[in-house]
Amino acid sequence: MSNSKGQTDMDRRAFIAKTAGAAAATLVAPGVFLHAVAADQEQAVTDRVRWGMLVDTGKCADGCTACVDACTTENGLPNHGRPATDPTWIRKVRVRDNFTGKETNLPLMCQHCEHPPCVDVCPTGASFKRADGIVMVDRHICIGCRYCMMACPYKARSFIHEDIEIKPTNAPRGKGCVESCNLCVHRLDNGQAMTACAEACANAGHNAIVFGDLKDPGSPVSQALQQLPSRQIRADLQLNTGVRYSGV
Amino acid sequence: MTSILYRIMALVLVAGLSAIAYGHDHADAVKGMGLEGTAKADALKACVRPTDWMRRNHMELIEHQRDLTVRQGIRVQKDSLANCVDCHARQDDKGQPVPVTAAGEFCQHCHGYAAVKPSCFQCHSTVPSPAATAQR
Chain A
8 MSNSKGQTDM
18 DRRAFIAKTA
28 GAAAATLVAP
38 GVFLHAVAAD
48 QEQAVTDRVR
58 WGMLVDTGKC
68 ADGCTACVDA
78 CTTENGLPNH
88 GRPATDPTWI
98 RKVRVRDNFT
108 GKETNLPLMC
118 QHCEHPPCVD
128 VCPTGASFKR
138 ADGIVMVDRH
148 ICIGCRYCMM
158 ACPYKARSFI
168 HEDIEIKPTN
178 APRGKGCVES
188 CNLCVHRLDN
198 GQAMTACAEA
208 CANAGHNAIV
218 FGDLKDPGSP
228 VSQALQQLPS
238 RQIRADLQLN
248 TGVRYSGV
Chain B
3 MTSILYRIMA
13 LVLVAGLSAI
23 AYGHDHADAV
33 KGMGLEGTAK
43 ADALKACVRP
53 TDWMRRNHME
63 LIEHQRDLTV
73 RQGIRVQKDS
83 LANCVDCHAR
93 QDDKGQPVPV
103 TAAGEFCQHC
113 HGYAAVKPSC
123 FQCHSTVPSP
133 AATAQR
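The listed protein sequences derive, respectively, from chains A and B.
Per the numbering used here, residue 8 is the first one in the first sequence, and the count goes up by one each step.
Per the numbering used here, residue 3 is the first one in the second sequence, and the count goes up by one each step.
Excised from the complex, chain B in its bound form (with noise of 0.2 Å):
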């Protein structure tokens, strides 16, 4: 009876074991189809604010600047959502841009390990303007 019990205790916590090593793994690693190294952000020691700042705020700045953006028509283009996507958006291998809420990709990296949808992109592009993409 023990034995039975020492097993399932066992079975128990290798599976959480397993389960905290996943978690880590998919927070740390990156496996998105976009390739290291081509967004611009990549070549950037910190973003628009400092980058432990930037984790923490980063939703207030975007929906701040929404607002003076519809009402006030002021497109500051440093603190713009298109800004975010242009400078995060990483490339495939056949340098097409690769939507920043795909799995693996600079939005859903995080946003999935914490289960928080970001709801900028129900209309918002996921991926740099056209314009933007032949600029580089």
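In isolation and in its complexed conformation, chain A is listed as follows (with noise of 0.2 Å):
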């Protein structure tokens, strides 16, 4: 699957979902459109949605952890004051351009890609992606070896190095595995369309994260991705991320 003729594939592939999914839209009604709510309980999640991201990185303050914080909260993430080894989903990131000295930041997590290096390398198949584009670890089938962790452009990737006493019922880990960002995946199937970081973002009045359903012309992402410019980091790769930034 490594060659470039997979991504001709992929293309035609979407070219006729998108046809069988403008089929199925006029099915129902005209001008009535059936959109995706966040999954039920009890049902398989399906590809009728995919979950991203806009970050607007110039409403993203310095200084201001909020997003971090909600996440280690939120996912119980461990301390241990040794941050070379903490497990970390989402770190802010301070980017400058060197010529005008322009200072931007951003906060940079799994990028939840379509086409993702870390579910290529995985011997195991631990490292997956749901049909509604999350990218996760299978922890009951990760053996830790960690090539998802090179593999990845984002350095999105943590390892669990030490023995976790706290286990979160929301977030359970253990030593030896490898995790990062689920967007809040016990939030989404439990029918909270919402990430902590998101949901912080906006308690601390800047409003820089945009969470939603990118396949829904009509959610807060979509809408949002429609009237700023935004692009992907490391386009170049094609990954196609579920994380889109605007302003860098």
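Take these hints with a grain of salt, some might be off.
In silico DSS-like cross-links for lysine-lysine, where the CA-CA straight-line distance does not exceed 30 Å [to be verified]: (1) K136(A) with K80(B); (2) K174(A) with K119(B); (3) K182(A) with K136(A); (4) K42(B) with K174(A); (5) K174(A) with K96(B); (6) K182(A) with K119(B); (7) K80(B) with K174(A); (8) K182(A) with K80(B).
Across the chosen pairs, the derived CB separations fall in these ranges [stated by the list, open to error]: (9) D127(A) with M61(B): 30 to 36 Å; (10) H213(A) with D95(B): 42 to 48 Å; (11) A136(B) with T53(A): 29 to 35 Å; (12) S121(B) with D47(A): 27 to 33 Å; (13) R55(A) with R51(B): 30 to 36 Å; (14) R241(A) with M61(B): 40 to 46 Å; (15) M56(B) with P130(A): 34 to 40 Å; (16) Q233(A) with R58(B): 54 to 60 Å; (17) D104(A) with E65(B): 50 to 56 Å; (18) M61(B) with E110(A): 51 to 57 Å; (19) R51(B) with D54(A): 31 to 37 Å; (20) L37(B) with Q233(A): 58 to 64 Å; (21) E38(B) with S237(A): 56 to 62 Å.
Calculated from the model, a selection of chain B residues having no Cβ within reach of chain A, i.e. all distances over 10 Å [to be verified]: (22) L46; (23) A48; (24) V50; (25) R58; (26) H60; (27) L63; (28) R138.
No lab work stands behind these hints, which were simulated from the structure alone.
All C-beta atoms, glycine included, are put in the ideal place defined by N, C-alpha and C.
From these two lone chains plus the hints, build me the complex, please.
Dropping the structure here:
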């Protein structure tokens, strides 16, 4: 699957899917669209939804760590005071244009690629992409080899180096597995279509992170993507990321 | 010579009997920190399936649900491991939940006797979530 032919085939598939989707949309009723909502607890997730985000870096405040703190609390990330090895799902990055001196802040997390390199290299199939676009680690079969950490262009994954004392019910974890941002999958599965980071950013008054369904043209994230110029980080890799950035 | 032999045989017999008695005692009596009647399950007649079926097959149920949950996002509360823990964890005399893997508690009670380590709790919580505890 590493040749460029795969990309061409995927475009063809996307075209067929879009055509089928358009046909399905017109069947309901004129002017009426089926909006996908966060999944029912007992239903399997489908590819009618693709979760994603838009980060407006112009609104991301210097020195604010609301999203990082909210993620730590929500997912019970352990802090041993050793930043090199403590798990990090989201981190603030500051980029500087050396010519103009302009500095930009942005939160960087798993970009939830459509074609994730971490999934390509995983020897056990533990690293996988859910139907709704969330890239996750199935820690039941993760052997902790860390190939995915090497493959990720965004340095988004963390390895659990140490024994875990407090194991949150929402985010089980143990020593020896890799993990990363899962777009607060427990919230989405339980019907709450909002991640902890986006919520915290809004509560802090910045509204830099817009979360939603990229396939729903009426969702906040799709609306924002239509209005703002945005880009993928490392778009040259053609991963079609689910997290987009504006203002970088 | 024969009397020494008899004495040794008697000693072996006594040791064997006491081992059996201890094992039996260990499996039946619950000596954990959790108080009798403080688990939600104590008030119920049966688990999510008939009790004898659960004794043999609970691991199949948990493993099946685990793959459905992680891979497909199906979170049926009834068969979830979080629900097992929520229902079977007892409380101590201070009202704090006692881990289901603590000596004498629900999981460890049988798993210790059968010498089978439940690997669930390498990663999963052994006590109900704070939200579930607060609801009680």
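A quick look at each hint next to the structure:
1. In summary, the hint linking K136(A) to K80(B) is supported, as the alpha carbons are separated by about 26 Å, within the 30 Å threshold.
2. With a CA separation close to 18 Å, the supplied pair K174(A) and K119(B) stays within the 30 Å bound.
3. Pair hint K182(A) plus K136(A) holds up; C-alpha atoms about 23 Å apart against a cutoff of 30 Å.
4. This hinted pair checks out: K42(B) and K174(A) have alpha carbons roughly 21 Å apart, not beyond 30 Å.
5. Taking the CA atoms of K174(A) and K96(B), the gap is near 21 Å; set against the 30 Å cutoff, the hint holds.
6. Only pairs whose Cα atoms come within 30 Å are accepted, and K182(A) paired with K119(B) is accepted, the gap being roughly 17 Å.
7. Taken as a hint, the K80(B) and K174(A) pair is honoured in the structure, with Cα atoms around 21 Å apart against an allowance of 30 Å.
8. Taken as a hint, the K182(A) and K80(B) pair is honoured in the structure, with Cα atoms around 28 Å apart against an allowance of 30 Å.
9. At about 32 Å, the beta-carbon gap between D127(A) and M61(B) stays in the expected band of 30 to 36 Å.
10. About 47 Å separates the C-beta atoms of H213(A) and D95(B), a value consistent with the hinted range of 42 to 48 Å.
11. Separated by about 34 Å at the C-beta atoms, A136(B) and T53(A) satisfy the suggested range of 29 to 35 Å.
12. In this structure, S121(B) and D47(A) meet the distance hint of 27 to 33 Å, their C-beta atoms being roughly 30 Å apart.
13. Distance hint for R55(A) and R51(B): a CB-CB separation of about 33 Å, consistent with the stated range 30 to 36 Å.
14. Range check, R241(A) to M61(B): about 43 Å between beta-carbon atoms, so the 40 to 46 Å window is met.
15. Judged by the Cβ atoms, the range 34 to 40 Å given for M56(B) and P130(A) holds: they are separated by roughly 35 Å.
16. A C-beta distance of roughly 56 Å is found between Q233(A) and R58(B), which places it inside the suggested range of 54 to 60 Å.
17. The supplied range of 50 to 56 Å is met by D104(A) and E65(B), whose beta-carbon atoms lie about 52 Å from each other.
18. Checked against the hint of 51 to 57 Å, the C-beta distance between M61(B) and E110(A) comes to roughly 54 Å, which is consistent with it.
19. Checking the proposed 31 to 37 Å range against R51(B) and D54(A) shows it holds: the Cβ atoms sit about 33 Å from each other.
20. Between L37(B) and Q233(A) the C-beta distance comes to about 59 Å, which sits within the given range of 58 to 64 Å.
21. With their beta carbons about 60 Å apart, E38(B) and S237(A) fall inside the hinted range of 56 to 62 Å.
22. Non-interface status of L46(B) relative to chain A is upheld: no Cβ of that chain comes within 10 Å, the nearest being about 21 Å off.
23. Once the 10 Å rule is applied to beta carbons, A48(B) is consistent with being away from chain A; the minimum gap is 21 Å.
24. Against chain A, the non-interface label of V50(B) holds: every CB pair exceeds 10 Å, the least being about 14 Å.
25. The Cβ of R58(B) sits about 22 Å from the closest Cβ of chain A, beyond the 10 Å cut-off, so the non-interface label holds.
26. Taking the minimum C-beta to C-beta distance to chain A, about 17 Å, the non-interface status of H60(B) holds against the 10 Å cut.
27. With a closest Cβ-Cβ approach of about 15 Å to chain A, L63(B) is found to remain outside the 10 Å limit, as its non-interface label requires.
28. Residue-level check passed: R138(B) sits 15 Å from the nearest beta carbon of chain A, beyond 10 Å.
Comparing the model with each earlier hint shows no violations; every hint is respected.
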